[in-house]
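Residue numbers (our numbering), protein chains in the order written: chain A, 9 to 578; chain B, 21 to 343; chain C, 10 to 350.
Hints were generated in silico from the structure; no laboratory data involved. Glycine included, each C-beta is placed from N, C-alpha and C at the ideal position. Watch out, some of these pointers could steer you wrong.
[Stated by the list, open to error] Partner residues aside, some chain A positions facing chain B, computed with beta carbon under 8 Å:
| no. | residue |
| --- | --- |
| 1 | Gly286 |
| 2 | Gln299 |
| 3 | Asn302 |
| 4 | Gln305 |
[Stated by the list, open to error] No more than 30 Å apart at the CA atoms, straight line, and that leaves these computed lysine-lysine pairs for DSS-like:
| no. | chain 1 | residue 1 | chain 2 | residue 2 |
| --- | --- | --- | --- | --- |
| 5 | A | Lys159 | A | Lys124 |
| 6 | A | Lys159 | B | Lys148 |
| 7 | A | Lys361 | A | Lys435 |
| 8 | A | Lys342 | A | Lys318 |
| 9 | B | Lys148 | A | Lys496 |
| 10 | C | Lys80 | C | Lys277 |
| 11 | B | Lys69 | A | Lys124 |
| 12 | A | Lys124 | A | Lys511 |
| 13 | A | Lys448 | A | Lys511 |
| 14 | A | Lys136 | A | Lys159 |
| 15 | C | Lys19 | C | Lys133 |
| 16 | A | Lys448 | A | Lys342 |
| 17 | C | Lys94 | C | Lys133 |
| 18 | B | Lys148 | A | Lys462 |
| 19 | B | Lys69 | A | Lys159 |
| 20 | B | Lys148 | A | Lys181 |
| 21 | A | Lys342 | A | Lys511 |
| 22 | B | Lys148 | A | Lys226 |
| 23 | A | Lys435 | A | Lys406 |
| 24 | C | Lys41 | C | Lys19 |
| 25 | A | Lys435 | A | Lys511 |
| 26 | A | Lys435 | A | Lys446 |
| 27 | C | Lys94 | C | Lys41 |
| 28 | B | Lys69 | A | Lys181 |
| 29 | C | Lys80 | C | Lys94 |
| 30 | A | Lys448 | A | Lys435 |
| 31 | B | Lys69 | A | Lys496 |
[What the hints assert, rightly or not] One-sided excerpt, in silico: chain A residues whose CB lies under 10 Å from chain B:
| no. | residue |
| --- | --- |
| 32 | Leu221 |
| 33 | Val223 |
| 34 | Asn224 |
| 35 | Lys226 |
| 36 | Gln246 |
| 37 | Thr270 |
| 38 | Leu272 |
| 39 | Ser273 |
| 40 | Asn277 |
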Amino acid sequence: MKRPGMWLALCLLAVGIVLLGAACGSSSSGGSAGGVSSSAANGASTPHIQGGTIKAALHGGIDFLDPALAYYQISWQIEYVTCVQLIGYPDKPAPEGYQLVPEAASSMPTVSSDGKTVTFTVPAGKYKFNTGEPVTAQTFADALLRDLNPKQVSPFVSFVGSSIEGASGWDGKGTIPGVEVQGDKLILHLTQPNGTIVAEMATPFMCAIPHNLPVNSKGVTSIAGAGPYYVASYSPNQSIVLKRNPNYTGPRPHTVDEIDYTQLSIDQNQGILSTKNGSIDYCPDCATAAQSLNLYQQYGDGSPAAQSGKQSFFISPVIEINYYALNTANAAFKNALVRQAVNYAIDRAAHTKQLGYKAGLPTDKYLPPQVPGASVEQNIYPNTADATKAKALMDQAKQQGVKTPITALVYSTQGCDQCTNRMAILKQELAPLGINIKVKYYERAVQFQEEGVKGTPNDIADEGWLADFPDPYDFLNILLSGDSILPKNGDNFAYFDNPDFNKRMNDAAKLTGNARANTYGQIATDMARDQAPWAAWSNQTNYDFFSSRVGCQLWEPSYGMDLATLCIRK
Amino acid sequence: MIRYVIRRLLWACVLFFAITVLTFLMFFVIPVNPAAMVAGKAATPAEIKHVEHLLYLDQPVWKQYLHYLNQLFVHHSLGYSYGTRQSVNSIIGRAAPITASVVIGGAIMWMMVAVPVGIYSALRPRSKGDRVAMVSVLAGISAHPVWIGYMLSLIVGYELGLLPIQGYCNLRGASPGQSCGGPADWFTHMILPWITFAILYSAFYVRMIRSSVMETLNEDYVRTARAKGASERTVITRHVLRNAMLPVVTMLGMDIAVALGGAVFVELVFGFPGLGGTAINAVNQFDLPTISGTVIFASIMVIMFNLIVDLLYAWIDPRIRLT
Amino acid sequence: MPLLDVVDLKTHFLTDDGVVHAVDGVSFQVEKGQTLAIVGESGSGKSVTCMTIMGLNDRRNTTSEGQALFKDRDLLTLPPDEMRKVRGNEISMIFQDPMTSLNPVYTIGNQLREAVTLHDNVSKQVANRRALEMLKAVAIPRAETRLDDYPHQFSGGMRQRVMIAMALINNPDLLIADEPTTALDVTTQAQILKLMNQLRRDFDSAIILVTHDLGVVAETADDVLVMYAAKAAEVGTYEDLFYRPEHPYTWGLLNSLPRLAAEGADLKPIPGTPPSLLRPPSGCRFHLRCPYVFEPCIPDVPELLPVSGDDPDHKVACHLAHEFREREAHDLLHDLMAEQR
């Protein structure tokens with residue numbers, strides 16, 4: 009179901025050359041709970057002018073602004089402020105920032121007792137597009153049907169295509185039984201209960217679109233918007249103009265008049281230079297690990313600038329996990345004791361350090377800290393290596409008939425320095441256990457394609473995963489359930505297929521609220537402790553650097569730096 | 021002359037066909053399934069099938085090639101990007117003028133430097149001026165354009181604030197969302213890229229012009245011109261330069277053509293959305309239609325400039341015309 | 010008074026290896042309407058002599074001494090701009106290789122017209138008419154249609170005719186022809202020489218003809234200067250040189266002429282090679298190759314002196330006694346005649 013697109017986006021494109029194997033190291037760093045805080049200034053406290061124009065630029069550009077197709081992290085950052093959705097994430101820091109609240113809907117949806125009918129109530133005209141067209145229940149039915157239309161070729165099909173009745177095999181004509189509009193009600197009929205449908209309905213794919221927006225697999229570039237801002241113009245590869253929606257009456261902030269992306273292919277170093285001198289105000293994907301220390305000292309949260317209330321460099325956590333998938337289908341890591349030994353043998357702090365300054369926080373948990381259930385999940389393995397414990401486990405495994413030395417084939421990413429560095433560390437760490445690793449480097453796109461073929465010869469996959477939405481399902485079910493093992497293009501790189509855990513995950517998917525969080529937290533704990541199909545090692549962070557005149561930054565945990573709150577200082 | 025032109029044109033056509041075959045083959049040697057790229061990594065096999073059908077990937081190779089040729093020659097279409105799904109024609113159509121601004125302006129600038137310096141050096145070999153020029157040439161050839169670009173941006177743009185650090189402005193006026201536009205902004209934003217571009221190439225050209233002029237100075241007909249009583253100025257301008265420029269014209273044509281295919285470094289450093297940046301992004305994304313589109317466009321440029329150079333050559337050098 | 014009076018001409022080239030004394034004290038005169046042939050092996054300094062008179066040496070590495078008096082002016086000290094007016098106007102020059110001496114990118118007519126307009130401020134029509142006349146004068150067939158042709162459309166002989174036309178277009182007093190026929194085939198050579206003789210009469214120009222071919226000398230020259238290793242070995246009239254040669258080097262040259270009538274007779278080249286002008290030998294420069302070498306030849310440089318009192322214009326630089334030389338020359342010529350028969 010999901011996220012490789014984002015992945016690609018983050019790793020291949022947005023970050024450009026600096027792709028990382030298990031995660032793109034370049035534009036991220038930090039963690040949540042621990043040392044790196046989002047440190048977003050509170051908009052209200054910054055003296056600022058009303059209006060003004062923020063000049064932004066992008067290094068890697070965007071894929072689309074058409075909500076049915078946009079899938080880059082950077083595109084979603086824009087969608088977040090140009091969209092009205094049924095339900096959405098508020099402009100608040102964590103933890104409220106990743107708790108869904110009703111937006112165009114009058115309340116959270118009601119789910120029938122059999123879990124197969126989901127009903128949203130949408131008061132007509134509560135929101136209006138910049139064109140004046142009102143947002144109604146039909147607006148969202150249009151959006152969903154457009155996404156599901158096979159001629160639109162939207163990635164959203166892979167999210168909900170199998171859940172919504174009549175979506176599979178639809179020829180794109182008329183409507184489908186799974187999407188029903190009754191007055192101000194949007195009713196979804198599901199093929200089976202689906203615990204993630206609500207979170208999925210909150211992705212930007214469900215952005216409100218005008219009634220007669222044509223189906224166009226090439227993406228529409230001019231789209232009316234009902235959010236605090238709308239896309240006034242978009243010239244692919246050249247510029248994007250976001251303007252404040254004059255018809256917006258909702259509660260979300262919108263201070264500046266315009267956010268102009270004047271360039272979509274800026275050089276990263278030049279972007280930083282231009283931001284420093286104020287010829288642009290913001291480049292979300294320009295700051296790299298190479299510059300992070302310098303920028304942090306000059307403009308970060310401890311700098312003199314920050315003390316005078318003008319912090320302009322922010323390191324914030326993204327919902328991401330870096331992990332080594334240990335292929336449970338191949339001989340090398342068939343035995344759980346060997347996998348546990350690997351988990352004790354690796355020095356997560358050392359691996360994380362390779363990502364760059366404050367570019368990540370070491371972790372052994374499978375769930376990133378922003379995801380519900382992460383606080384329930386227990387730490388099992390230490391952040392620094394415990395060689396003795398690892399050795400003991402290995403000895404135990406040998407008594408069970410495991411033969412050493414073991415030769416393990418690792419797939420990692422080509423052209424990524426941090427990847428080669430951490431592979432060198434991994435080799436040293438595993439050698440004392442009698443595990444000799446051989447690394448094969450691939451282009452990123454090839455790497456995961458190869459890893460996703462069932463029966464792949466690699467024993468370890470150097471991988472990472474960026475969430476599409478902050479839900480444990482997006483990590484555990486997608487990445488570690490037997491259902492995610494496909495003949496080709498699968499996501500379960502550990503080929504972990506444990507009937508017991510499969511069942512527990514499937515059951516948990518139907519839960520909601522605290523029960524969902526607690527259950528997933530427990531599953532993650534048990535899985536990591538007993539089966540150890542992964543060695544998770546860090547969560548990444550994101551760097552954002554602004555010109556000195558921009559204030560009111562807020563890190564929205566689901567979508568990143570919040571464009572809606574930005575203001576121009578007095 | 022007409023037979024000569026026809027022969028060159030036919031040869032250009034053959035070349036172009038060969039290039040379409042090679043470019044097309046690229047689709048089959050790249051180890052990534054384009055349909056999986058378009059459909060997204062987590063797409064189901066059925067979705068990938070659907071995309072394969074849309075992209076004609078489920079057809080036999082020869083049919084795909086015919087389809088490709090049909091698109092190219094009948095519809096003049098280079099296809100649609102896998103990444104952004106825009107037509108490659110429009111991608112290249114937007115990028116090409118930008119690259120042309122860089123390359124043509126850069127070429128004018130480097131020729132303005134290289135011609136006088138090269139001639140000066142040739143006329144006074146081993147003089148102080150010549151030595152200075154030759155050392156500068158060595159420096160220019162050795163310095164990487166990315167480094168030159170960064171240094172110019174840092175010093176001229178950031179520290180001195182004389183010119184914009186980077187960025188492109190439309191010649192015809194600001195497009196929406198761009199803070200600059202029009203000839204004046206365009207020009208000021210082009211200066212540093214032109215200089216960057218010119219530094220590298222003028223180094224090559226100074227050297228080439230110097231040796232070409234020196235060689236021509238030794239020609240018998242130059243001695244004849246002097247013996248006729250021509251002044252030194254007449255000898256140089258009338259008899260030496262026209263002949264000495266023959267190899268330069270060839271190189272210039274080829275260099276401009278190749279650079280039009282992607283002045284990669286300059287475009288990347290200055291954030292120009294030109295062909296070079298487009299091609300690099302496309303390669304990073306395995307965006308085959310865009311890659312092949314830029315390759316084909318670059319080939320057309322090379323072939324076209326080759327043709328222009330051949331014709332120009334024939335015009336300058338009468339010996340070519342009849343052979 | 011002679012048209013051109015060259016006195017003790019010296020030309021030195023500065024090279025990376027040292028100073029090359031390419032011309033080392035040469036004197037001669039050219040009379041109005043006469044032909045002087047300068048004869049010698051390659052590297053003997055004959056071409057450099059001409060280039061020096063024309064002022065065409067590379068000024069940066071060349072120094073010249075002596076005098077070249079031409080119509081009361083010393084060409085060696087004439088300011089560059091004055092010299093430019095002399096070149097191609099009062100003194101013209103044609104070169105060895107007609108294939109490369111014309112600019113390939115301009116038409117013949119263009120280059121001929123340029124020769125006119127560089128010196129005369131006349132209209133293009135006038136220049137064109139003169140160009141056409143000259144092409145006819147040098148017997149280019151269908152001259153009218155060929156003005157617009159490019160050099161590569163002409164044969165070697167035709168190109169040399171064009172060069173001659175270009176050289177004579179301003180009716181110069183002196184034509185310097187540096188090996189004008191060397192690059193041409195034998196038939197063409199004869200035609201070109203005939204043409205030059207004819208034009209000399211028609212235009213009343215003097216000619217300096219540089220050649221290494223005594224056959225050419227025989228057909229054209231009034232006077233002859235024999236050069237060896239940057240110095241004059243012998244000077245005299247055509248008759249002096251062919252019937253009363255005094256210098257062993259001149260004998261060698263005569264002896265090495267191909268003898269067409271005598272099949273099977275050996276070619277008799279002068280043994281050895283010309284000396285280096287960077288470090289020329291002491292004394293008589295020919296002593297290393299001279300079969301008559303004796304003591305004075307090695308330390309002492311022979312002066313160029315009149316052969317005898319009754320023939321002051323026939324001079325030779327040799328230590329051998331006049332009587333001995335006369336006898337040897339007589340024997341040599343006798344042998345040659347015998348072979349000819």
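Do the hints match the structure? See the list:
no., hint, result
1, Gly286, "violated, 10 Å"
2, Gln299, "violated, 13 Å"
3, Asn302, "violated, 14 Å"
4, Gln305, "violated, 19 Å"
5, A:Lys159 with A:Lys124, "holds, 27 Å"
6, A:Lys159 with B:Lys148, "violated, 70 Å"
7, A:Lys361 with A:Lys435, "holds, 16 Å"
8, A:Lys342 with A:Lys318, "violated, 53 Å"
9, B:Lys148 with A:Lys496, "violated, 69 Å"
10, C:Lys80 with C:Lys277, "violated, 42 Å"
11, B:Lys69 with A:Lys124, "holds, 29 Å"
12, A:Lys124 with A:Lys511, "holds, 19 Å"
13, A:Lys448 with A:Lys511, "violated, 34 Å"
14, A:Lys136 with A:Lys159, "holds, 28 Å"
15, C:Lys19 with C:Lys133, "violated, 41 Å"
16, A:Lys448 with A:Lys342, "holds, 21 Å"
17, C:Lys94 with C:Lys133, "holds, 20 Å"
18, B:Lys148 with A:Lys462, "violated, 70 Å"
19, B:Lys69 with A:Lys159, "holds, 13 Å"
20, B:Lys148 with A:Lys181, "violated, 80 Å"
21, A:Lys342 with A:Lys511, "holds, 21 Å"
22, B:Lys148 with A:Lys226, "violated, 61 Å"
23, A:Lys435 with A:Lys406, "holds, 20 Å"
24, C:Lys41 with C:Lys19, "holds, 24 Å"
25, A:Lys435 with A:Lys511, "violated, 35 Å"
26, A:Lys435 with A:Lys446, "holds, 8 Å"
27, C:Lys94 with C:Lys41, "holds, 20 Å"
28, B:Lys69 with A:Lys181, "holds, 20 Å"
29, C:Lys80 with C:Lys94, "holds, 14 Å"
30, A:Lys448 with A:Lys435, "holds, 13 Å"
31, B:Lys69 with A:Lys496, "holds, 12 Å"
32, Leu221, "violated, 16 Å"
33, Val223, "violated, 13 Å"
34, Asn224, "holds, 9 Å"
35, Lys226, "holds, 4 Å"
36, Gln246, "holds, 6 Å"
37, Thr270, "holds, 5 Å"
38, Leu272, "holds, 6 Å"
39, Ser273, "holds, 5 Å"
40, Asn277, "holds, 6 Å"
Violated hints for the displayed structure, listed by number in ascending order: 1, 2, 3, 4, 6, 8, 9, 10, 13, 15, 18, 20, 22, 25, 32, 33.
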